[in-house]
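A.B. asks: Once you have looked at the hints, place chains V and X on chain F.
Line order of the protein sequences matches chains F, V and X.
Each residue of the first sequence is one higher than the one before, counting from 1 in the numbering used here.
Each residue of the second sequence is one higher than the one before, counting from 1 in the numbering used here.
Each residue of the third sequence is one higher than the one before, counting from 1 in the numbering used here.
Hints in this document: simulated from the structure, not taken from any laboratory.
Incorrect hints may have been included.
Where chains are identical, the list cannot tell them apart; a pair therefore holds if satisfied intra-copy or between any two copies.
[What the hints assert, rightly or not] In silico DSSO-like pairs for lysine-lysine, Cα to Cα no more than 27 Å straight-line:
1. K290 to K272
2. K75 to K333
3. K78 to K63
4. K272 to K63
5. K333 to K290
6. K75 to K63
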Amino acid sequence: MADPRFFKNCGPFSLRDLAEIAAIELGDDADGDRVMHDVAPLDSASAETVSFLDNPRYLEQFKESAAGACVVVAKYAKFAPRGMVLLTSDRPYRAYALIAQAFYGDQAAVDERHASAQIDGSARLGSGVSVGAGVVIGRGAEIGDRVQIGANTVIGPFVVIGADCAVGPNATLSHCLVGARALIHPGVRIGQRGFGFDMSSDGHLDVPQLGRVIIGDDVEIGANSTVDRGAGPDTIIGDGCKIDNLVQIGHNVQLGRGCVIVAQVGLSGSAKLGDLVVIGGQAGVAGHIKIGAGVQLAARSGLMRDAPAGSRMAGNPAIPAKEFFRQFALLAKLAKGGDGK
Amino acid sequence: MADPRFFKNCGPFSLRDLAEIAAIELGDDADGDRVMHDVAPLDSASAETVSFLDNPRYLEQFKESAAGACVVVAKYAKFAPRGMVLLTSDRPYRAYALIAQAFYGDQAAVDERHASAQIDGSARLGSGVSVGAGVVIGRGAEIGDRVQIGANTVIGPFVVIGADCAVGPNATLSHCLVGARALIHPGVRIGQRGFGFDMSSDGHLDVPQLGRVIIGDDVEIGANSTVDRGAGPDTIIGDGCKIDNLVQIGHNVQLGRGCVIVAQVGLSGSAKLGDLVVIGGQAGVAGHIKIGAGVQLAARSGLMRDAPAGSRMAGNPAIPAKEFFRQFALLAKLAKGGDGK
Amino acid sequence: MADPRFFKNCGPFSLRDLAEIAAIELGDDADGDRVMHDVAPLDSASAETVSFLDNPRYLEQFKESAAGACVVVAKYAKFAPRGMVLLTSDRPYRAYALIAQAFYGDQAAVDERHASAQIDGSARLGSGVSVGAGVVIGRGAEIGDRVQIGANTVIGPFVVIGADCAVGPNATLSHCLVGARALIHPGVRIGQRGFGFDMSSDGHLDVPQLGRVIIGDDVEIGANSTVDRGAGPDTIIGDGCKIDNLVQIGHNVQLGRGCVIVAQVGLSGSAKLGDLVVIGGQAGVAGHIKIGAGVQLAARSGLMRDAPAGSRMAGNPAIPAKEFFRQFALLAKLAKGGDGK
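Chain F on its own, in the form it takes in the complex (with noise of 0.2 Å):
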């Protein structure tokens, strides 16, 4: 059960309600009465919380759950332990996350402006806007309605915050636009200078970097990552992203839309990626690469080259992830005195 310190439930909610909620037909033989309060994962359910199986790993667990109700697909129905109420849907982590929503999802915020924030006088807020104490907030700033804005993060002059975005504590923003209900987790930079000079010898020399941040609506960006701003071009997220903690976007770097970057990815500078690319966690892209929609990069490959639409990339250099895994086996059977063939 979530601690009722940290989280605010919302239940309880009736099997019936759920079900709606999840759009999940509920069984004929299920009681639609029956009351839940809470959910919670498989091995710490009880009688009176919905739990659910998405990743066949945990399917023992499934089998011992003492769960009052569960989401799963139909064909892990029938491991189901006596007693417990199936909700059977093909989609079960999604279905799942509607219910938990429906109890966790209105985490009161508190409108309130701290009085040690510093709010330059131009900026402008809307309704309904939290900012904690010792925030700063440039001139000329736009921070729209219900955004909330953890302690001690500063927001650069002239950035422009979307509708219903929050953004963590000790985060800084600078020189970029960020669309609505944008998730910036703490620790988040974005918009500082790229990695641009000229090398030489006798002296690096900087190279002004003068684009932006371009944001899009409802990008999360993790904790610690880095996101810097266009050197002349702007560095553009596309609507619905996902990024994950201790990532770094170079100067440039256009993503296309609902692209899921995992944890520590680094993509070079003036790297494009096409709409809904997956890259695992740890791999590296080189600079000026062109990645088509929906390439997946395998957890800690370095991709040297493009990329076309639907490829599925592993190795590095990467290659095509079937190729990788060939070589991969290929050379194990060597080592071990066999011929590969």
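C.D. replies: Below, chains V and X without anything else, positioned relative to chain F:
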């Protein structure tokens, strides 16, 4: 010699005292009354300072060192320069640590609550707590005795911090319970929501992250590292874990006791590490992986499967380290025209 | 065109003036009195803006560009569109940097000490120093003339910062001496204790970290990078080094002059780099390694052994780059059924 602007020297100490502090037997021919004024590296030590030899790479420096005394294993004693007093130990680095702690361990902690700190009236602070300028402490937080909190750090509502912890400046803690004597470095982010969402081409959907971060006693977390809170279960860091800078720890990760996680490592969500696991720098661990006690994962490796207790793994994807280095050698041989056998 | 909200344009300039600024000979047929109002990338330039071609990837954009003038090497002159004035240079990126600095170099630094900054009475600040809101400057610190310190940054006791440095917001500096004209980006952590302890199954024991961080002149350190102080020796960053975002620099590391360290690189403790070493993104260097002057380590490589001056290394563990790429090609050939010879 340590710069007296930055470090307060509590010496001098006699060799007799230092030997006792380090649990070392002083040789019969050593003058126990001789006084040492400081510790110093081999190449900058003087007759009044104690040095140490741990890594044999520095044997040449040892031979030439002007150190008045030196902690060293017995087998290197014969290489000592004339006049150097030898403090022989099977564990010279530990013995040196104890001696250096005697000289520099008691760095005066200032008991103050800076007037500019914003401490919620409902937060409970123990005795001797030091709170830097611009610190924010949320409602209901509990801060143990003698905790030091660096300037501009933000402690969220209901966070619990055990006695004798030191939290550096510009850090962010939320949704977490921290044990005693933890050392949290500048810029660390603990407790932000994990990277949990249902992926979909028509819009990724956030899954509420309802767990906490539970940190044991005597844990160290390096600068700008990130520890996400659990999704439902908690993220757990066991007693005595040492975590370096820029490390990413995903939601639901569990670390056993005394794990050592070197800089820039990434532990994906729900990975479970046993006691005393050592992970080299820039390595990665895939989600839901189980790592047995005492496993050693080489730097820059990528672990994709469970690893049994005591195993040594290397490569990407990681395989037993011996196999990895055999394959590495084979490939070099083949490329040079040999048949690799 | 650079967004005037974020960047102050100091133009216009005549072509004659720009040629002089960039040390370029203007062609006889060029109209030196023609006036340029801005710089811009090739694909968004207009008749009144100056652009540049450096990377041949953008040759097609060059052919189609509407730029009024363009810095370019002589060999591409024949591809220029009609009417474009050519500013030919052997070093077009450097020439462009000089021109762009003329347009945008003098971004007004505000000489102010924000009332909310906490500056210890014993700290010494030079003339023209700018101190942002919420900044904390410890006792005995020395801040040179015209230094700019961003909001909520924390400068520890006795830190020394040379003239004309710019430190971004939300950074932390302790136990360090910084030269002139350094550019320290947001969220950088300098001077925290390094990862030094005696490892033991019955409890790791901290080794006091008694060195400092010494930073030369003209150094740049990217956002959220971390530089640990020395263990006994100092951590040293030579003049003119360029360090990108999210880089980890361990205790006792020494960088020579003009090194370039790309994002997310990790340099383990006591590594020593000569002058002008270039390390590609996400690469790692093992502890105690010596790297000669001018070495180039490829992105995502892991250097485990000393590298002689001038060598080019790649792979993990890193080997001479030529060998790495030969092995890479051989493995691909073998996996496709060839014999690799």
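A.B. asks: All hints, please: hold or fail.
C.D. replies: Hints, one by one, checked against the model:
Taking the shortest alpha-carbon separations for K290 and K272, only the intra-copy value of 5 Å comes in at or below 27 Å, while the best inter-copy value is 36 Å. Within a single copy, K75 and K333 get their C-alpha atoms no closer than 37 Å, and across copies no closer than 43 Å, so neither meets the 27 Å cut-off. Taking CA atoms no more than 27 Å apart as the test, K78 paired with K63 passes inside one copy only; the shortest distance there is 9 Å, against 65 Å between copies. In this assembly of identical chains, the alpha carbons of K272 and K63 lie at most 27 Å apart only when taken from different copies (21 Å versus 45 Å within one copy).
In the homo-oligomer, the alpha carbons of K333 and K290 lie at most 27 Å apart only across protomers (26 Å), although the nearest pairing inside one protomer, at 35 Å, exceeds that limit. With identical chains, the CA atoms of K75 and K63 are at most 27 Å apart within one copy only, with a shortest distance of 13 Å there and 59 Å across copies.
The structure fails hint 2 only (numbered hints given earlier).
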